[in-house]
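Chemist: Using the sequences and the hints given, assemble the complete structure.
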Amino acid sequence: MAGIGWKLQKMVDRDSLAGTMSAYLTGVAVTSAPWLLTTAVLMSLRIAARTDGSPTFALVERIVTLVYALTVVLSAPVHIVVSRYAADRLYDQRLDRIGAPLWRVLAATMLGFLAIGVALMVILHVPVALAIAGVFLTVVVGGQWLLLSVGGGLASPTIVLRAFFAGCPLGLVASLWLYRGLNLGAVGYLGGFAMGQLVTLALLLHGVARAIPSKTDETARLWPAFAEYWLLALSAFVYYVSIWTDKAMVWLLADREAASLYSAVTAIAWFTVVPAFGWIYVQIETVFYRRFRAFYGGLGGGAPLAVLRQRAALVTTEATRILRGAALVQASVLTLALVGAPVLLRWVGLPPSSVLPFRLAAIGAALQLLSLLEILLLYYFDLRQEALAVSLTLLGTEAALILVAHATGVTPAAAYMIACAAAALVGLVLVRARLATLITDTFQAQAYGDVV
Amino acid sequence: MTAAGDIVSSQDKKLPDVCLLCEGTYPYISGGVSSWVHDIIKGEPHVTFSILNIGSHEGWHGDLRFQLPENVVGLEELFCHNAPPTPMDGPQRAALERAIRRFRKSSGRRKNPSRLLRALRRIHLEDGVDDDLMADLAAGDLSLSELLYDDASFELVEEMAEKLAPKTPFGDLFWQCRAMNLPVVRLLTARTSPARSYHSLSAGYAGLFGAVEAFKQKVPFLITEHGIYSRERDIELARADWIPDRRALDDLGSRVPTFSPLRRMWSRFFRRLSQIAYHQAVKIVTLSEVNREKLLVDGAPRAKTMVVPNGVELKPPPELPPLTSKPAPLRVGFVGRVVPIKDVLTFIRACDIALREVELDIRVIGPDEEDPQYAARCRELARTLGREKEIKFVGMQPAGKIYNQIELLTLTSFSEGQPLVILEAYASGVPVICTDVGCCRELIEGGPGEDAALGPSGIVTRVAVPQDTARALVTLARDRERLRRCGIAAYKRVALRYARTAMLESYGELYQEIT
Numbered sequence: 012m013a014g015i016g017w018k019l020q021k022m023v024d025r026d027s028l029a030g031t032m033s034a035y036l037t038g039v040a041v042t043s044a045p046w047l048l049t050t051a052v053l054m055s056l057r058i059a060a061r062t063d064g065s066p067t068f069a070l071v072e073r074i075v076t077l078v079y080a081l082t083v084v085l086s087a088p089v090h091i092v093v094s095r096y097a098a099d100r101l102y103d104q105r106l107d108r109i110g111a112p113l114w115r116v117l118a119a120t121m122l123g124f125l126a127i128g129v130a131l132m133v134i135l136h137v138p139v140a141l142a143i144a145g146v147f148l149t150v151v152v153g154g155q156w157l158l159l160s161v162g163g164g165l166a167s168p169t170i171v172l173r174a175f176f177a178g179c180p181l182g183l184v185a186s187l188w189l190y191r192g193l194n195l196g197a198v199g200y201l202g203g204f205a206m207g208q209l210v211t212l213a214l215l216l217h218g219v220a221r222a223i224p225s226k227t228d229e230t231a232r233l234w235p236a237f238a239e240y241w242l243l244a245l246s247a248f249v250y251y252v253s254i255w256t257d258k259a260m261v262w263l264l265a266d267r268e269a270a271s272l273y274s275a276v277t278a279i280a281w282f283t284v285v286p287a288f289g290w291i292y293v294q295i296e297t298v299f300y301r302r303f304r305a306f307y308g309g310l311g312g313g314a315p316l317a318v319l320r321q322r323a324a325l326v327t328t329e330a331t332r333i334l335r336g337a338a339l340v341q342a343s344v345l346t347l348a349l350v351g352a353p354v355l356l357r358w359v360g361l362p363p364s365s366v367l368p369f370r371l372a373a374i375g376a377a378l379q380l381l382s383l384l385e386i387l388l389l390y391y392f393d394l395r396q397e398a399l400a401v402s403l404t405l406l407g408t409e410a411a412l413i414l415v416a417h418a419t420g421v422t423p424a425a426a427y428m429i430a431c432a433a434a435a436l437v438g439l440v441l442v443r444a445r446l447a448t449l450i451t452d453t454f455q456a457q458a459y460g461d462v463v
Numbered sequence: 002m003t004a005a006g007d008i009v010s011s012q013d014k015k016l017p018d019v020c021l022l023c024e025g026t027y028p029y030i031s032g033g034v035s036s037w038v039h040d041i042i043k044g045e046p047h048v049t050f051s052i053l054n055i056g057s058h059e060g061w062h063g064d065l066r067f068q069l070p071e072n073v074v075g076l077e078e079l080f081c082h083n084a085p086p087t088p089m090d091g092p093q094r095a096a097l098e099r100a101i102r103r104f105r106k107s108s109g110r111r112k113n114p115s116r117l118l119r120a121l122r123r124i125h126l127e128d129g130v131d132d133d134l135m136a137d138l139a140a141g142d143l144s145l146s147e148l149l150y151d152d153a154s155f156e157l158v159e160e161m162a163e164k165l166a167p168k169t170p171f172g173d174l175f176w177q178c179r180a181m182n183l184p185v186v187r188l189l190t191a192r193t194s195p196a197r198s199y200h201s202l203s204a205g206y207a208g209l210f211g212a213v214e215a216f217k218q219k220v221p222f223l224i225t226e227h228g229i230y231s232r233e234r235d236i237e238l239a240r241a242d243w244i245p246d247r248r249a250l251d252d253l254g255s256r257v258p259t260f261s262p263l264r265r266m267w268s269r270f271f272r273r274l275s276q277i278a279y280h281q282a283v284k285i286v287t288l289s290e291v292n293r294e295k296l297l298v299d300g301a302p303r304a305k306t307m308v309v310p311n312g313v314e315l316k317p318p319p320e321l322p323p324l325t326s327k328p329a330p331l332r333v334g335f336v337g338r339v340v341p342i343k344d345v346l347t348f349i350r351a352c353d354i355a356l357r358e359v360e361l362d363i364r365v366i367g368p369d370e371e372d373p374q375y376a377a378r379c380r381e382l383a384r385t386l387g388r389e390k391e392i393k394f395v396g397m398q399p400a401g402k403i404y405n406q407i408e409l410l411t412l413t414s415f416s417e418g419q420p421l422v423i424l425e426a427y428a429s430g431v432p433v434i435c436t437d438v439g440c441c442r443e444l445i446e447g448g449p450g451e452d453a454a455l456g457p458s459g460i461v462t463r464v465a466v467p468q469d470t471a472r473a474l475v476t477l478a479r480d481r482e483r484l485r486r487c488g489i490a491a492y493k494r495v496a497l498r499y500a501r502t503a504m505l506e507s508y509g510e511l512y513q514e515i516t
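Chains A and B are the protein sequences, given in the same order. The number in our numbering is simply the position in the first sequence, starting from 1, with 11 added. The number in our numbering is simply the position in the second sequence, starting from 1, with 1 added.
Hints were generated in silico from the structure; no laboratory data involved. Please note that a few of the clues may not be correct.
Said to hold, decoys possible - Partial selection, computed: residues in chain A whose CB lies under 8 Å from chain B:
(1) Ala236
(2) Ala238
(3) Gly313
(4) Leu316
(5) Tyr459
(6) Val462
Stated by the list, open to error - Calculated from the model, a selection of chain B residues having no Cβ within reach of chain A, i.e. all distances over 10 Å:
(7) Val48
(8) Arg240
(9) Lys284
(10) Lys393
(11) Gly401
(12) Arg481
(13) Thr502
Cβ atoms here follow ideal geometry from the backbone N, Cα and C, with glycine treated the same way.
Modeler: Here it is in structure tokens:
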């Protein structure tokens, strides 16, 4: 990530509005472009289907939603461990040890998602042709997530962006062509969309392969990293489960219409975090990363205690500033969203009754963003248990409160909001605790031989 | 694997009269001090002894080098450090880190602050030793985990950094502090077999342990300083490459050259250990007046100090061979452990220089397994200088055979107390060239009065100056009459002042006093 950080810093250092804007837009693009583009394609397909009056699109949409939810959740532990493994090898300057395990795990992941895709299609009872397209999409998206997780660190973010900017429109065109041009119906929609994703996967594969040395150490193994970072994997898994838990529970508990409304409301609410995401990305990759590196670099670089204390104080100040800044940026967008909710929802075709759930979901999304930032900071300080605690808080509270909301007739968006608030609060406490004892924890957590 | 501070073996038949505390010596390592201990034990058959050897880590030594006399009733071991751990893979390291984090979360809940930690603070940051400090040390209320991972111990490290080495790289200081404090905590929290009195053969860790045990058990504590422990450590510290002298960052972020204050911290630490031992000891014995003066400088109370020179068994006067007009190559021997403190490298360089002018037959006699790397360097130097034929490394030899093989003993040590090998050489009429360390000058030139009148029994040279030693070798190789005179003076000197019976008599009285 140091490469993109340096580029962002150059933009910011121009000290002009254009430079700063470029940096933040780059941040937005890197953090949100893949899912924004994918969502945009799906929305376009939905609009096309609506104007076309196609009833089969609902099934396609359902398959796509489930495929994305399953791949995101099930591959999360693999992504986080693989990206951590790649980061460690970057730190060791042993890039030759990345290729072989990466390709092996990519093959295993795609095989695994082949099985998962088949199982999903069997459960959904979809026609064979549609099932084939669905399984194909599951395999492709599973591979995509994995390459995205390491691609951001190994290759330039431009490669990631280029892959999505090429694949998504192609998917849209292919979908429409297969559906309208060849009259393939739902299979055409899904197959075309999947082909676009395949192009993205191919470009990602090409980009990552170019970033890895051609000579690879075939003896390198990934499984020890799973044993070492299982807490990290669990934390990521729990967090991704928590993203979908509320939607899945509402689908199971409420009627179809209410569930559909809730899904739509939370999806739109999540769009409000895009600017803050970009802002956080730029801040973490530039100022915070520099402070962080200066502190940890000082440990091995011969800094005396007074210098370490200064640098630790700067890390603390910076982390606090980013938390406050993210809250401020998000608060600004949130205010606009809260005020403009009736207009916005009318514009996207949602009923007036969705205004309150939307407002609550938008506040929840803001708080979830903060908890995500806190988890990121905890990862930076290698506090895996604490990161897991935040994820578990989100998941546990969310599940419990959705049940309570269902029983009491309160909108599930309120449950979502409170759960996100709890997770953000727990994360804040843990981050602050770490920042308060940064030097002590850094040193006293160092093993001395095998004494404990 | 042995748990921290556990005693490895015990033959606890009855409470021994004296627990002898040997730091890395008897009965596992050959050498002057070990031979001395063996002599004392054999020479005091009415006293029962237990031996407590304090070593660096489990597995540091090989087999016993001495057959334990019958009056040794127990042999135990303590270690300053854990055995070096086998390298851990990622999952093992992660499990260890989790265990440490768990410990850190549950720590900091003790009702009362650790007294042992308070004692460590006083050792590092204050002067003076009193019974409060001894009581704190004896409390032993600090676990290794608390020392290594607790916040309270880190506060001590921070305070040490602020007061003793504010500009030193803190990472270096942190690890050095751990290395300094860990042995203290390990030793003072170890389970031990009691004894009726303690006798430490040095200050340092053995001295500290003996002092604190004696304080706890309210029994007498005796210390014999052969070399001066803290001075010997100073010599090692000055050459130690495990203390990084890297350049520290200044306030402006640039690098400034520094001689690491960590060396001073270690030096002060060892001096403080000596002071603790001196405080508790009923008697502080050393080998010569020169050493006694050094003890006083280091804080030993004058009234407690006494001099008991080493002693050797006297043989009948040696028969000296007749002088010939064309003598054979002079047989020169270095006798001792092949370790850096003996500066064998300088000995080899001196021999090389001398060999350019005279014929010498040189032997390096002594064990070389204590520091194999150094021994290899010595052999390599002899090879590089093209002197493999003239300089022979013959290893350990039976004591009775060594002095028949040589006509001149040469020592180039950085530090010595009162080398037993010199006395043994004298007892065989072999003169000595030795560096001006410990009480070697007194041994060669004689003490006041009758001793000095005997004349020199060799030549004193400067430390680490091979040219000096070479000149002395050439002088004695060319002037065999002088060599002969020195040999005669050597025998007379040892008979006059360094008889084994006198030494044993003195220690017999001391043991009677304390048991």
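Chemist: Does leucine 316 of chain A hold up as a contact with chain B if the rule is Cβ-Cβ below 8 Å?
Modeler: Where the cut-off is 8 Å and the nearest Cβ of chain B is about 4 Å from leucine 316 of chain A, the hint holds.
Chemist: Would you settle whether the hint for glycine 313 of chain A is holds or violated, based on the nearest Cβ-Cβ distance to chain B being less than 8 Å?
Modeler: At about 4 Å, which falls below the 8 Å cut-off, the nearest Cβ of chain B leaves the hint on glycine 313 of chain A intact, so it holds.
Chemist: Quick one: work out the minimum CB distance from lysine 284 of chain B to chain A and report holds if it exceeds 10 Å, violated otherwise.
Modeler: 37 Å, holds
Chemist: Using 8 Å as the Cβ threshold, decide whether tyrosine 459 of chain A counts as touching chain B.
Modeler: 5 Å, holds
Chemist: Interface hint check: alanine 238 of chain A, Cβ to nearest Cβ on chain B, cutoff 8 Å. Holds or violated?
Modeler: With a closest approach of 4 Å, the alanine 238 of chain A hint holds.
Chemist: Please confirm whether lysine 393 of chain B is truly not at the interface, meaning its C-beta sits more than 10 Å away from all C-beta atoms of chain A.
Modeler: At about 41 Å from chain A, lysine 393 of chain B clears the 10 Å cut-off, so the statement holds.
Chemist: For arginine 240 of chain B, is the shortest beta carbon distance to chain A beyond 10 Å?
Modeler: 22 Å, holds
Chemist: Can you verify the interface hint for valine 462 of chain A: is its Cβ closer than 8 Å to any Cβ in chain B?
Modeler: 5 Å, holds
Chemist: Please settle this one: threonine 502 of chain B was flagged as non-interface, so is its CB more than 10 Å from every CB on chain A?
Modeler: 48 Å, holds
Chemist: Just double-check arginine 481 of chain B for me: nearest Cβ-Cβ distance to chain A has to come out over 10 Å.
Modeler: Arginine 481 of chain B is indeed farther than 10 Å from all Cβ atoms of chain A, at 57 Å.
Chemist: Checking a non-interface call: every C-beta of chain A should be farther than 10 Å from the C-beta of valine 48 of chain B. Is that right?
Modeler: 38 Å, holds
Chemist: A cut-off of 10 Å on Cβ-Cβ distance, and glycine 401 of chain B was said to be off the interface with chain A. Does that hold?
Modeler: 44 Å, holds
Checked against the numbered hints given earlier, the structure satisfies every one of them.
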